[in-house]
Amino acid sequence: DAGVIQSPRHEVTEMGQEVTLRCKPISGHDYLFWYRQTMMRGLELLIYFNNNVPIDDSGMPEDRFSAKMPNASFSTLKIQPSEPRDSAVYFCASRKDYTDTQYFGPGTRLTVL
Amino acid sequence: SQQGEEDPQALSIQEGENATMNCSYKTSINNLQWYRQNSGRGLVHLILIRSNEREKHSGRLRVTLDTSKKSSSLLITASRAADTASYFCATDSGGGKLIFGQGTELSVKP
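Just so you know, the sequences run in chain order P and C. My numbering puts the first residue of the first sequence at 1, with every later residue one more than the last. My numbering puts the first residue of the second sequence at 1001, with every later residue one more than the last.
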């Protein structure tokens, strides 16, 4: 298996622009997670899905952030409008079931100017 | 909110020495996991220990769990320069949600 795939790997945008991050989980995994990592706040869980349904979005910072999972093999995290404080590395991870280990993608490094 | 807290925040040792990292958490857990992150890369799963286990081994890794103290430790024996990375503990309190600590930055000098 190719592992968790994220795109783009790097994104540089200007404040106010819409940003869309993409993730393809490992085939057969029922759970998908979006994390954000910064030096100041560490690794934060933003939202996670089970069988394409959002279960917990309490970590989503504000209404500018939204996530969707239209099918089992694709998820997006959208920021609109983006702000400089959104600059971070965003990781997607997937898991087969709730007792299993979690596999992380390589991350998307987002820079908002 | 952070569940796990690693200690120390940074650790520097010589190749061949053992490295011990500790993790404390606040609520009851189903399992605790340790991950490694090399600079600029994603996290890689190392080992999972369930709440009813006290010790687990995987190669040069040894993990202990003390649920009464709500703490875990990761021991890397005979460290190598390639072990240089950040190490995170993550707790699973149910429902599939993992909460990560701030990590320990390990530097192994050749």
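Check before you lean on any hint, since a few could be wrong.
[Unchecked claim] Below, in silico cross-link-like pairs of lysine to aspartate or glutamate (DMTMM-like), each with a Cα-Cα straight-line distance of 20 Å or less:
| # | chain 1 | residue 1 | chain 2 | residue 2 |
| --- | --- | --- | --- | --- |
| 1 | C | K1056 | P | D100 |
| 2 | P | K68 | P | D57 |
| 3 | C | K1097 | C | D1083 |
| 4 | C | K1097 | P | E83 |
| 5 | C | K1069 | C | D1083 |
| 6 | C | K1069 | C | E1005 |
| 7 | P | K78 | P | D100 |
| 8 | C | K1070 | C | E1055 |
| 9 | C | K1026 | P | E44 |
| 10 | C | K1109 | C | E1015 |
| 11 | P | K24 | P | E14 |
| 12 | C | K1097 | P | D97 |
| 13 | P | K78 | P | D56 |
| 14 | P | K24 | P | E83 |
| 15 | C | K1097 | P | E44 |
| 16 | C | K1070 | C | E1053 |
| 17 | P | K78 | P | D57 |
| 18 | C | K1097 | C | E1005 |
| 19 | P | K68 | P | E14 |
| 20 | C | K1097 | P | D57 |
| 21 | C | K1097 | P | E14 |
| 22 | P | K96 | P | D56 |
| 23 | C | K1097 | P | D30 |
| 24 | C | K1070 | C | E1015 |
Hints listed in this document are in silico derivations from the structure and should not be mistaken for laboratory results. Here the structure is a predicted model, which means the values were calculated and not measured.
Now the hints, each set against the structure:
1. K1056/C <-> D100/P: 16 Å, holds
2. K68/P <-> D57/P: 11 Å, holds
3. K1097/C <-> D1083/C: Violated. K1097/C to D1083/C sits at ~27 Å, over the 20 Å cutoff.
4. K1097/C <-> E83/P: It is violated: about 27 Å lies between the C-alpha atoms, which goes past 20 Å.
5. K1069/C <-> D1083/C: Violated: K1069/C and D1083/C sit about 28 Å apart, past 20 Å.
6. K1069/C <-> E1005/C: 13 Å, holds
7. K78/P <-> D100/P: 27 Å, violated
8. K1070/C <-> E1055/C: 14 Å, holds
9. K1026/C <-> E44/P: With a Cα-Cα distance of about 17 Å, the restraint between K1026/C and E44/P holds, given a limit of 20 Å.
10. K1109/C <-> E1015/C: Distance ~6 Å between K1109/C and E1015/C Cα, so the pair holds.
11. K24/P <-> E14/P: 26 Å, violated
12. K1097/C <-> D97/P: Distance ~11 Å between K1097/C and D97/P Cα, so the pair holds.
13. K78/P <-> D56/P: 16 Å, holds
14. K24/P <-> E83/P: Roughly 25 Å between the alpha carbons, so the hint for K24/P and E83/P is violated.
15. K1097/C <-> E44/P: 11 Å, holds
16. K1070/C <-> E1053/C: Holds, at roughly 13 Å.
17. K78/P <-> D57/P: 13 Å, holds
18. K1097/C <-> E1005/C: Distance ~17 Å between K1097/C and E1005/C Cα, so the pair holds.
19. K68/P <-> E14/P: 23 Å, violated
20. K1097/C <-> D57/P: 11 Å, holds
21. K1097/C <-> E14/P: 32 Å, violated
22. K96/P <-> D56/P: 17 Å, holds
23. K1097/C <-> D30/P: Given pair K1097/C, D30/P holds - Cα atoms ~13 Å apart, limit 20 Å.
24. K1070/C <-> E1015/C: 30 Å, violated
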